[in-house]
Every structure is written in C-alpha cells, then in structure tokens.
Amino acid sequence: MSVARFWRKQDQRYNLMGTECQVCGRKFFPNKSMCPVCHRKSIGKMNKYQFSGNGIVESYTVVHAGMPQYRSQVPYILAYILLEEGDHILGQIVDCDPEDVDIGKKVEMVFRKLGQEGRSGTIYYGYKFRTIL
Amino acid sequence: MRSGIVSYGTYIPRYRITPKDIGRVWGQDGVMMGKSLNIRAKSVPAPDEDTITISVMAARRAMKRSNVEPSSIGAIFVGSESHPYAVKPTATIVSEAIGAAPDLTAADLEFACKAGTAGMQAALGLIEAPNEQIPIDYAMSIGADTSQGAPGNALEYSASAGGVAFLFGKKDVIASVDLTMSYTTDTPDFWRREGMKYPSHAERFTGKPAYFRHVQKAAEKVMNRMGMEPKDYDHATFHQPNGKFPLNIARKLGFTKDQISAGLWTPEIGNTYSGSMMIGLAGILDIARPGEKILAVSYGSGAGSDAFNLTVTDNILSFDLGRSITVKEEAKIGRYIDYSVYLKFREKIKMEGE
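Heads up: the sequence lines are chains A and B, in that order. Just add 1 to the spot in the first sequence (first one is 1) and you have this note's numbering. Just add 2 to the spot in the second sequence (first one is 1) and you have this note's numbering.
Treat the hints as calculated values from the structure; they're not laboratory data. Every residue, glycine too, gets a C-beta built ideally from N, C-alpha and C. Careful, some of the hints might be misleading.
Stated by the list, open to error - Here are the simulated lysine-lysine pairs, BS3-like style, with alpha carbons at most 30 Å apart:
id: 1; chain 1: B; residue 1: K330; chain 2: B; residue 2: K37
id: 2; chain 1: B; residue 1: K334; chain 2: A; residue 2: K114
id: 3; chain 1: B; residue 1: K66; chain 2: A; residue 2: K10
To be verified - Sample of chain A residues with no beta-carbon within 12 Å of chain B, all distances over it, derived:
id: 4; residue: S34
id: 5; residue: D88
id: 6; residue: V102
Make a model of the complete structure from these sequences and hints.
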C-alpha cells in the first residue's frame with residue numbers, strides 16, 4: 002500500500018470516522034457519500050460521524066494460516082462486529098485466546114499496529130478490538 | 003488557581019512474564035532474582051503494540067475522563083526511549099488519534115526514563131506563559147515505553163511496557179503543581195547508542211552516583227523550597243527501575259512504606275521506563291482525597307531527576323475516574339506467557355529472510 006493511500010484513510014482507521022445520514026439518522030462505516038436508504042434526498046446531508054468503538058461480536062473466525070506479517074499472532078481472531086450505533090465492521094480481536102471469544106461478546110476498540118512496509122518503511126496503525134472483561 | 007493536572011489516563015499491556023520463567027532459561031534462580039529486585043511480574047507488549055499504540059491508549063483514556071475538547075489542546079509531548087521511528091514523531095500520531103490535530107504543537111522527547119516528566123514541565127511552562135504570547139490552555143505530556151533488556155541481562159527481569167498521559171490546564175485542576183525543580187548532571191550510568199537494539203549500563207554505578215544522588219537532590223530541593231518535610235506528605239512516588247530502589251530512597255529521605263504504597267507499581271508490572279514514576283503518580287491520584295500533598299520524583303539515566311510538589315484539589319471529588327480503568331485494576335489483569343512466547347512477541351527470534 003502506498004503511504005498516501007493509507008494516509009487518506011487515517012481518520013477511519015485511527016478514529017472510526019464514518020458518516021451519518023441527516024435525513025434518516027443511519028450511521029455508516031466506512032463512510033458513504035450517499036445514504037443507501039434515502040438515496041437522492043441524502044445528497045449533501047451526509048455528515049461525519051465518529052463511532053465509539055463499542056460493539057458486540059456477531060460472528061468470528063479463527064485464522065490459522067494467516068498473512069506473513071501476522072505470523073507471530075496466529076492463531077488470530079477476525080470478527081464481524083455490530084457497532085452500538087449500527088453498521089458492521091470487520092476487525093481483529095486481540096489479547097485473548099480463540100476460546101475466550103463468543104458470539105454476543107462485548108468488545109471495545111483498541112489502537113494497534115496493523116502492519117508495516119518492511120523494516121524501513123512506514124508503520125500502519127488503526128483499530129482492532131478487545132473483549133471487555 | 004495554579005495550573006496542574008486536569009485529567010490522566012494510563013495503559014498497561016495485558017501480557018505478563020515472571021522472573022521465574024526468565025531465570026529458568028538463563029540458568030539463574032529467577033525466583034531469587036525476582037525477590038531481590040522486588041518484582042513479581044513484568045508487563046510485555048503484544049506483537050502489535052509499541053510506544054505509539056500505548057501512548058494513544060493512555061491519551062484516549064485521559065480524554066475519556068475529562069470534558070476538555072481535544073481540539074483545545076495546544077501541545078502534546080511524548081517522552082520515550084523506544085519511539086518506533088528514529089525520524090517521524092510519535093506525538094503527531096497521538097495528536098491525530100485523539101482528535102487534537104492540527105492546531106497544536108507537538109514533539110517527541112528523549113531522556114532515558116524521565117522524558118515524560120520533562121514533558122510535564124514543558125507543558126506547565128506553556129500553560130503558565132502569558133496567553134497573549136502563547137495562547138495554550140491545555141497541554142498533554144505522555145511517558146511511554148516498550149523497553150528491552152538484552153536476553154540474559156539483568157535488565158531483562160525488569161524492562162517492561164506501559165504508558166501514562168497527563169493533561170495539564172488551569173481549569174478544573176484535580177491536582178495543582180505547586181513547584182517543580184530538577185537536578186541534572188552528565189553521569190553515564192545507562193545508555194544506548196544509535197542503531198543498537200539493547201542498552202548498556204554501568205552495573206553498580208547505576209545506583210549511588212546515579213539514581214540515588216539525583217532523586218535525593220531533586221526531592222530535597224523541592225522539599226526545602228516548599229518548607230515541607232517527609233511527614234507533611236500524604237503520598238510520595240519515585241522512579242522505579244526495580245521494586246527495591248524506590249523503597250531504599252524513600253527510607254533514606256524519611257518516607258514510610260505507607261506513604262509510598264499507592265505509587266509503587268514496578269513490583270507488579272516491572273519498570274515501564276518513561277511511564278514509571280508517572281504510573282506511580284496516576285496510582286496515587288486514583289485514590290487521592292482533596293487537600294492531600296504528593297511528592298513525585300522521576301529519574302532518567304544520563305542523568306537527571308524532575309521533582310514535583312502537588313496538592314490534590316476538591317475537583318478530584320467530581321473527577322470521572324470510572325470512565326476508564328485504574329492502575330490497580332489494570333495491573334491485576336495479566337495473561338501470563340512463557341519465555342519462548344516472550345521471545346516471539348519481542349522479535350528476538352531470527353526469522354527466515356532476516
């Protein structure tokens with residue numbers, strides 16, 4: 002990934018910045034330029050909206066053969082999370098074993114390293130999740 | 003009203019390793035080592051954690067506990083000896099991740115274990131400066147580290163990870179800073195050269211002429227100027243390279259075990275370096291009552307100490323501590339790993355292609 006490509010999405014990855022439709026109040030992550038329900042009526046009425054990062058695990062999978070950059074973390078958990086404000090997000094659940102995760106478990110956002118461009122390139126940071134003890 | 007701490011947040015990684023596990027690998031009596039250093043366990047950062055992620059977590063927790071708008075923060079300093087980048091500030095990432103950017107100044111500081119407290123002094127200075135000259139109402143200083151000791155070195159028993167963020171301002175101050183003074187000399191007790199992975203230290207030289215001299219001088223300077231004696235303080239906290247040094251300096255200065263218990267965390271989580279004394283101060287604020295007096299003294303190798311005299315205000319009663327986790331609560335949550343997992347997490351295993 003190029004430095005600029007990640008930089009453009011920093012707001013999303015650091016702060017869960019999505020959008021809210023001012024017509025129907027629905028919240029979206031990642032951001033949308035138009036509401037899929039209100040269509041034309043939402044044009045120009047999509048405002049920035051920051052999600053809290055709290056949610057529940059709706060489904061999850063345990064990755065045993067992961068990406069090379071994540072080899073020190075296998076087996077790691079990827080979960081489909083329902084955010085408390087609505088909309089879903091796919092994220093890694095950290096600091097626990099696969100048996101600690103279950104559907105319906107409450108999670109909170111944490112700030113973690115997502116990856117890096119080799120040993121001399123930039124480091125990417127952003128959201129991951131952790132079960133609430 | 004005097005400027006001081008408006009809010010604070012701490013972060014301690016969840017993984018832990020015991021001295022027993024470290025000693026077993028190196029043919030040493032780890033249990034004895036842990037006892038002599040007064041360390042029961044040390045925190046270990048997860049493979050996806052570093053000084054930047056720890057700083058952001060601590061800063062976010064500080065913001066959670068206060069109603070200060072992130073955009074009204076005028077300065078952010080991050081003190082660490084383990085900034086992930088040699089060139090590219092940690093502080094800019096923190097600024098962006100708490101929503102403080104872009105209208106602020108930011109910088110990374112380095113002074114072994116006391117860069118975070120040097121940042122506290124800088125933050126206070128900016129707030130106390132005439133507003134027409136420097137219009138800054140809130141400033142944050144963070145001390146965070148993911149320090150390493152070379153495998154098999156005595157430092158490996160203590161070098162841990164953690165961070166603290168203090169937000170300073172003049173409004174809704176929960177602990178005012180009455181006085182801060184420092185003591186600094188050129189004493190090469192501990193260092194790490196550019197490009198080297200692990201630090202070196204001058205063994206026993208790190209004690210008397212280094213830690214003890216600097217902490218004692220800085221503490222005495224502040225007490226003398228304040229007209230305070232050890233018995234006048236409710237709490238004291240000192241830099242904690244291990245669990246033993248702070249007990250010794252406290253005794254030497256005339257503080258009791260009760261006075262330092264709320265601010266002594268290295269025995270539970272190891273030495274968080276730039277976070278060490280700051281976590282001590284946070285642990286004290288977690289239980290502090292209005293009117294209480296605190297003495298907090300940091301130490302950074304190389305060498306210097308920053309001493310702070312603080313007074314807890316009535317605002318501590320309305321401070322929303324419960325919006326985040328306390329030091330005691332987080333120190334208790336530990337997921338224990340063995341030495342081999344620790345080596346993997348800390349990237350000490352040579353991988354294919356490296």
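Is the hinted pair K66 (chain B) and K10 (chain A) satisfied, with a Cα-Cα distance of at most 30 Å?
-> Judged against 30 Å, a Cα distance of about 24 Å means the pair holds.
Within 30 Å, alpha carbon to alpha carbon, are K330 (chain B) and K37 (chain B)?
-> holds (21 Å)
Measuring Cβ to Cβ, find out whether D88 (chain A) lies farther than 12 Å from everything in chain B.
-> holds (20 Å)
V102 (chain A): least C-beta distance to chain B exceeds 12 Å?
-> holds (14 Å)
Does K334 (chain B) pair with K114 (chain A) here, judged by a C-alpha cut-off of 30 Å?
-> holds (24 Å)
Are all C-beta atoms of chain B more than 12 Å from that of S34 (chain A)?
-> Check passes; 22 Å lies beyond 12 Å.
Checked against the numbered hints listed earlier, the structure breaks none of them; every hint is satisfied.
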